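Chains as they are written, first to last, in our numbering: chain A, 3 to 362; chain B, 3 to 362; chain C, 3 to 362; chain D, 3 to 362.
If you are wondering where the hints come from, they were derived from the structure by calculation, not from laboratory data.
No experiment lies behind these values; they were computed from the predicted model shown.
One thing to keep in mind: the hints can contain errors.
[To be verified] Computed footprint of chain D on chain B; a stretch qualifies when at least three of its residues, placed anywhere within it, have a C-beta under 8 Å from a C-beta of chain D:
{"hint": "1", "stretch": "171 to 185"}
{"hint": "2", "stretch": "193 to 207"}
[To be verified] To give an idea of the chain B side of the interface with chain D (calculated C-beta under 7 Å), a few residues:
{"hint": "3", "residue": "T316"}
{"hint": "4", "residue": "K319"}
{"hint": "5", "residue": "L320"}
By construction, the Cβ of each residue, glycine as well, lies at the ideal position given by its N, Cα and C atoms.
Residues per chain, in single letters:
Number of protein chains: 4
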Amino acid sequence: MAIPTKTLAVRLFEYGGPEKLIFGEYDLPPLGTRDVLVKNFAGSVSRWDVKYRAGDLARYQLPGRAAFPLPQQLGREAAGEVVAAGNAVTRFKPGDRVIGVTHPEDLDSVEAARGLGNLSRNLAIPGHQAFGSYAQYLVRDERMWLPLPDGIDLEQAGVALWPFSSSHRVVSERLKVRLGDSVLVTGASGGMGQATLQLCKLAGARVIATTRHAVKAKVLHELGADAAVVTADTEGARAEVLALTGGEGVDHAVDYTGNPELLRFLATVMRLGGSLVISSEQGSEPMPFRAADMIRLELNLLGIRGARMIDMLTVLKLLGGGRIKTRIAARFALARVGEAHALLESSPDLVGRIVVLPWA
Amino acid sequence: MAIPTKTLAVRLFEYGGPEKLIFGEYDLPPLGTRDVLVKNFAGSVSRWDVKYRAGDLARYQLPGRAAFPLPQQLGREAAGEVVAAGNAVTRFKPGDRVIGVTHPEDLDSVEAARGLGNLSRNLAIPGHQAFGSYAQYLVRDERMWLPLPDGIDLEQAGVALWPFSSSHRVVSERLKVRLGDSVLVTGASGGMGQATLQLCKLAGARVIATTRHAVKAKVLHELGADAAVVTADTEGARAEVLALTGGEGVDHAVDYTGNPELLRFLATVMRLGGSLVISSEQGSEPMPFRAADMIRLELNLLGIRGARMIDMLTVLKLLGGGRIKTRIAARFALARVGEAHALLESSPDLVGRIVVLPWA
Amino acid sequence: MAIPTKTLAVRLFEYGGPEKLIFGEYDLPPLGTRDVLVKNFAGSVSRWDVKYRAGDLARYQLPGRAAFPLPQQLGREAAGEVVAAGNAVTRFKPGDRVIGVTHPEDLDSVEAARGLGNLSRNLAIPGHQAFGSYAQYLVRDERMWLPLPDGIDLEQAGVALWPFSSSHRVVSERLKVRLGDSVLVTGASGGMGQATLQLCKLAGARVIATTRHAVKAKVLHELGADAAVVTADTEGARAEVLALTGGEGVDHAVDYTGNPELLRFLATVMRLGGSLVISSEQGSEPMPFRAADMIRLELNLLGIRGARMIDMLTVLKLLGGGRIKTRIAARFALARVGEAHALLESSPDLVGRIVVLPWA
Amino acid sequence: MAIPTKTLAVRLFEYGGPEKLIFGEYDLPPLGTRDVLVKNFAGSVSRWDVKYRAGDLARYQLPGRAAFPLPQQLGREAAGEVVAAGNAVTRFKPGDRVIGVTHPEDLDSVEAARGLGNLSRNLAIPGHQAFGSYAQYLVRDERMWLPLPDGIDLEQAGVALWPFSSSHRVVSERLKVRLGDSVLVTGASGGMGQATLQLCKLAGARVIATTRHAVKAKVLHELGADAAVVTADTEGARAEVLALTGGEGVDHAVDYTGNPELLRFLATVMRLGGSLVISSEQGSEPMPFRAADMIRLELNLLGIRGARMIDMLTVLKLLGGGRIKTRIAARFALARVGEAHALLESSPDLVGRIVVLPWA
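From just these sequences and the hints, can you work out the full model?
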């Protein structure tokens, strides 16, 4: 097969509505000596893609991350098959199944030396600072790919690595969840929430998921939650969590909403010495925690940003063993990625992730 | 020697000014089978004693702690010599030098099983829920005493265990300070601050102490700080901390002020992935940290309350080896404890602790 | 109901064969103020009981443990219902379901202060230094009982706490097994082995169990092992373990055999930086590990002795949630405990534990 | 200045006596785009160099390390100044002071992802698999150099990084030595032993050093040991260690001798739950530890191999702060490196390291 030099892709040249996502044929970059050319079979559309497209970029401005560039080819996740490899490539050969690195680290950084490569600077994250996966073919340095174990469905691979790797960092490193622990998860029906829920269960914990609306409790149980607590009635919800934990409160909590009321609620249901992971924000007000809360509970309030190589490798092991699975809400062909964006914008409560299938 | 049945002591029968501290001769409780009667040679007067005396008790209302009782004999720390021991006492005999347990744990609690005995409930802390050390003789269960190693000055023993044990928990457990780390300490000239500073130095860390007033920088250096940063000029202070840490920010910070402006400052000088211990509060506003700070820095915000037996045992080892030392600001005879209270109230910046010498 | 003062029980007055286990009616000790009298519905017979009975006591001579006394009432595990409680008892009342503490700690010890209460001295372990559960009624200090959660079958409770608590210490503390790890277990069909296998699976690990005999592989799979490797052919077994772990070797291994050949094998299948728990001994030769193995692999060789309160509490949570289960090999009435001993002695490969049902 | 293309150096073309070290002028490799050319002011001669030279290479045959090549330019450590940098070099410019990386990691390895880059494979360690520092000029990839902080003496830099980085890994990672801990070090007067002793002291521990000969105790005290125990009389030595540790035994021990008798001794002076690092070997017999020792003590027996980037970075911080210092036994000009080898061979008890000064 001749090495393709062009690809069908969807690109963004200016911020705006879904109509700014321009489907067309574009040139591929030349294949560098360390590059790998991959035929991309599956990727995702996420709420981050929507924010980027709309120009709502405040949250991307992290220390050490490049400004948000245009034109851009969105899409952080990719899974496919190697078509060609540069002369100096040692890890891959044509025909290999691969998955795109979603959380690159600067391995030479002091952060990586500390085991915090997820915080390293000067990263070019696919779909953020570098070209993402809204395309049929992708050309990237060999370090931006990992081998995809046999037996993993490509569609599943295309939507797994981002949420599961971040969640794995939350569960295994930030919270060090252990057998028999209890974990409360807010926003559990979202992509990160579902991944966290699954990993907590796999690690032997009990998961209490919260929702504002009683009608959504059923979905949370379907997703594997041991209990679903409706937080509309704060006092009732608190009593319920205490009853579920022998009166003690939960060992751990993870917030995926940034909702100040929900955070205030969390401070009332943590056990003494418990840990609460802050992963999301709404607005720019201070979080509703007082120093007295920190002292009274000896609370651990833990930030989280990204994931590390070890998180991705572990997720691939779990994927390969068929132990984690992503719920798919909808599938779109590449040409119809704009419709995927529109769906996300009109469906704040969509349960499951959106797959892009460039060859469908 | 006949076993004394009365003691000179200072007691509080109602809240109010220093004049409410009533010096007199009081009955000792009978010596129970597990009790030890100790001749108390040294104790402390602390700012907590002053708050208690004044009836400013909000901070004492921790979960699982008994309400604040009257009459009370204040004084959390004590060091002395065993005079008599009940029949069932196995650990001590007359003549043994002892130090009063400042941080009792409920060893049968689930918190203790978790290694968090400092958070256990139903504690009777001397000078808080139980009678403290403002007396010549003290009768307490044998578990409320620890052997005082030879070579420790009793006066030093009387002011060491409270601040150093809590600080040890901060340094060794909450922050896990390691060789070569940098630690920023606010309120470093206070009792806890000085203890923390010494323990950080002993653990091989570099300490940056802050002060609002340039005139106090000299004292901080005398106390062992590697650098003293004046925070009146926030921007300048920030630049200085970054310069001291190779541009990275500090690995750890400990706040002993509760001052919101200082906390805001701290969020600007932490390195990525750093840890900040919250130990004090002012008012009841939320702390000035936004979710975005937690995420951007992957910050660890850690509460601290009390200390554990292992902290006290380690402090006693360090005391016995002559490796830690408390600066004494003033010494008072038992009858003049009220003057000690007055001194503390009139000297917000007093550097060093106040010793009570019941037999002076 | 009148408080019983006598109990049917099986006692040992001199070492010897199963016939030395004397069934009869014996006086109960008077109920002390902190004692709880329990009607015992289920306990276990273990290989340790057999060794004790036979006078093969070398392994009981641990530092800080009392010499092995006679007469003795064997049986480390018990589960039943409170019949009466002394005046000072605060934790239990008649009718409460309880389980006997199998791993008491000396909470006042320096070992407990370090979080290593399992190593504390001066312990009176039921069935070892104190009277065990071969009886219809048991009188023990309230600290020697824990509440048994609803929904736990008494028979299961009677055989769960010993092996699962020790295994929990291995899995959660010594190895810190995490989601996605691989664990090799030798002697996996024994009581400890089965418990370890279950806990590893619950913690999200993959378990490779070994056996010398191909015919036993089926049982290992039934017990939940992800793979069963036959070690008769050492080279083949090694190749198999490497294939199962992507060529790396296992993250962790636990040996429950003490077999030197098996230990030698383990040193060839550990990954770099892996951990190997030593739990059993055979003979008194040095283990077959060379300093070069330690260095080459950067191996962690970890001893294990007993369990802590937190292990027991976690096991009770898991039992209460129906997440662990013990295979029962046989059930015996109290009068027939000698037959249970005989069965163990004649069945080195018995899979499952033996229950004593004192009221059957 | 013109870029040099040749260097005076000492090379080894065949194994044998010190006379096989051939001093002469040799070609430098061309400066690659990522290479840095350094004028080397100081390096070391170590006992490993001697073994290599003599062809005693068994210990170099670690998994994943290339066979030991000839011709070779020995010398693992180097410190100097950048003379020229390739076009693609981003970290250094002429005039920068640098120190040679002694412990390279394969950052793309699974071991590095696990935080165990020291165990990664395919490493080219200077003086082992790659050309070392017995030369006036050195050409290496920019990743093989680290910035040398101001204020560090070049001579000290030339002998610090190897022993201190490995020791830092022992102290901070393998043993996690904490404030107040006790550490026993055997072979404490050797290079690794001295470094370990200093780092333990800096971390707030007490160090007990052992020696076979009473006459060497004085040196151990000079080197900073809190106590020096003569192990010729095993029973007396044991009593002494117990007395020094309140009857408990030491928290940690590090063996730098591989001597079986000494290892046997160590098993008698560890506290319950203590940790013992195995760093050296003598012969190929099993270590003298029985499974019963592992269980009785709940011993942690820990291998150690190499160090990581974070260890080197921390050592550079400590060096820069003037907090660690290496005792120099002798200095040699480059042409006289053979004499340095001879000195090491004839002086088994030499205290201090040997510096090579290529420009002296």
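Results for each hint:
no., hint, verdict
1, 171 to 185, "holds (count 5)"
2, 193 to 207, "holds (count 4)"
3, T316, "holds (4 Å)"
4, K319, "holds (5 Å)"
5, L320, "holds (6 Å)"
No hint from the list above goes unmet by this structure.
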